[in-house]
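Colleague: With chain W's structure known, arrange chain B on it following the hints.
Chains as they are written, first to last, in numbering that gives the first Met the number 0: chain W, 0 to 397; chain B, 0 to 397.
It is worth saying that the hints were derived from the structure and are not from the lab. Hints may be right or wrong, so weigh each one.
When chains are identical, the list treats them as one kind, so a pair holds in a single copy or across two.
[Said to hold, decoys possible] In silico SDA-like cross-links for lysine to any residue, where the CA-CA straight-line distance does not exceed 25 Å:
1. 353 <-> 277
2. 376 <-> 184
3. 385 <-> 344
4. 376 <-> 219
5. 353 <-> 213
6. 159 <-> 34
7. 21 <-> 256
8. 322 <-> 337
9. 376 <-> 183
10. 353 <-> 206
All values reported here derive from a predicted model rather than from experimental measurement.
2 protein chains.
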Amino acid sequence: MPLNTDRFLADLDTVRRIGAYKTGVHRPTFSADDIESRRWLAGRMEEAGLDVTIDGIGNVFGRHRGPGPHLLSGSHIETQNYAGWLDGVLGVIGALELARAGLPVDVCAYCDEEAHWGDFIGSRSLIGEFSEADLDAARNRYTGEPLRPALEAVGLAGRKRITIDPARYKGALEMHIEQGTQLENAGLRIGVVTGIVAIRQFRITITGQQDHTGGTTMRERRDAGLTAVRLLGMLDHEFPRVCAERSVWTTGRIALEPNAPMIIPGRAEIVFSFRDLSVDVMDRMEDCLRRVVAESNRRERCPAVLEEIGRSEAAICDPGIVKAFSAAAESLCPGAWQAMPSGAIHDSQILARKLPVGMLFVPSIGGISHHWSEDTKREDLIMGMKVLEEGARRFLAS
Amino acid sequence: MPLNTDRFLADLDTVRRIGAYKTGVHRPTFSADDIESRRWLAGRMEEAGLDVTIDGIGNVFGRHRGPGPHLLSGSHIETQNYAGWLDGVLGVIGALELARAGLPVDVCAYCDEEAHWGDFIGSRSLIGEFSEADLDAARNRYTGEPLRPALEAVGLAGRKRITIDPARYKGALEMHIEQGTQLENAGLRIGVVTGIVAIRQFRITITGQQDHTGGTTMRERRDAGLTAVRLLGMLDHEFPRVCAERSVWTTGRIALEPNAPMIIPGRAEIVFSFRDLSVDVMDRMEDCLRRVVAESNRRERCPAVLEEIGRSEAAICDPGIVKAFSAAAESLCPGAWQAMPSGAIHDSQILARKLPVGMLFVPSIGGISHHWSEDTKREDLIMGMKVLEEGARRFLAS
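Same shape as in the complex, but just chain W (with noise of 0.2 Å):
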């Protein structure tokens, strides 16, 4: 049963019809289309050999009828709205054409890593950390749906959520496009991922006064939107003190009210993250942030308050993964890979909770991802493909 790229690729063509928009995909959880999509995938992984189950959460797991020592393979099948066709359907029909190369494989399509309905419900119903109370919760991000009823709808209320036994793993791997231009830039083929990085995201809020840009004076106003100003040059200049190589820290939103020509700001609002692999540097950078906000504070007239709205902790993959697609990578394209963190978060980061994990990226062409243009050469989706294989029997030897 050897690897067979042609089959691999004419998978992902025939998935990409289903919910197609222009070049991308319309696929969000539990539409028409993803529901039709699952089952498509069902379908190819019993005739693949796999034992298949679609569970109570939508994930679509196949279990390896042999014996171990087992991996686990796969992403997400979902997309996002009017999106890319290969992000996460890559790692899917990647880890079902391991299975079908007669690795031994249990493929899955963790469900909504694109957060239509939350946080990765998939992979945490996988290893055992999202309750009944968390399903509960759950609702539809754009709609404010409740999860259960969609369940229901779906056909899927009331089975089993299947969960892992880390002990039958060796480790869980996982191919994704890039989503961004680093691979492209520097004329690379594959990135071996060395862990998913941290991610910090804080919330500033500036009062000041709201007042008529003409009748107040400079010496009078409370500006909450030149305080914001003022605040984020400091971070500006202090960030580059603390961060390292590949951090990277972003203001995605500034939002003044009212936000009008002629009337001075009266509050600011800014969302503020950061990312990096190591701790040490995730919190230095915080300590950075809270000195500044501490120092803006001290300057000037218009309070600023910090606040903590998302975290997620690093997770770093595993050495003997690595060291396998290193190889895997140094063998098939030789100089034409590098290691690198993945910036972007993935189910990958959850599975590292209970089990070793290594993730493969092929180059996105323009860094394009979460549109309708994303795409990949198809002679690097193969490359993808092999290092993947290549790397996963090493680790298995290992």
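Modeller: Below, chain B without anything else, positioned relative to chain W:
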């Protein structure tokens, strides 16, 4: 015919009931309540012995029947939406009271200073600077409805539009609320306006590259929001070096796209404006802005484009009127007045193109205007009326 401040206050209280909203007023131009207030005003003018016209643009004009030299006095009677009871109306009723006190005053409610249908359409029409083509082009700024059918609907279409003969007037006087906190904070009761400041307003558009915050290294990013913060930081640093004592500058609007917490902003739009009485100072500030944008374009990866989107010239008040108002204030409230520029725009700046103009301010409680809670102490309204009358008499005698 002595000045009667009880009558003046009673009229303010009467017109306040037309379109009352909470403690304020909602009387947008050409609404039913606005037309009612114009008819009411025309009636009061007739009682005062003036020769009254509501003209083809909505100006309510009461012409003094006696010999000159004449003064023109007034303000506007319509309000901002759900706004205050004194903004504009104070100057109209004040002018009416001047006429009733026997002064040779033509009283006018200049239509639509509050810009529901355009910029100063009433006062521009009155000085002959609002053409039929301008009228054709005018539209409601909230609904887009053209002005002509609106004039027809309220029965003003086809009426002659009054234009003034500047030779008839020694000057034009306007009493208004301050719309700021300078008088209140200084414990003063009267502001003698030295001029209405010039305003220049600019849009700065910064173009970057929208990207995923996780997948894009700091080195690769073209973050339009970050360039905006740096550019605004430079303005904050440089403007104090070129401004004058009373200059103001404001970033009222910052709009990032997509303004999502986890996406690098691909575009930023800033609206920045500044005000001063002096052309030299205005030119220095504009030069500073242009140099800062040029420097940003030298330093940054995201290009910034500067466009002028608004410009009004300063109107310097007539020294004779300033002198007469100052002497009147000093005699009626010694030590409790100051000379000051008007940061807000007023019809007087249009009239200043043809006539010597002067303005008086009374304090705004808490500096509030353009809000239904706008208010002024009754003793300050009375003081304003007295200084207006005494100043008008002194100016006429000068």
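Colleague: Okay, which hints does this one fail, numbers in order?
Modeller: The structure conflicts with hint 10 only, although it agrees with all the remaining ones.
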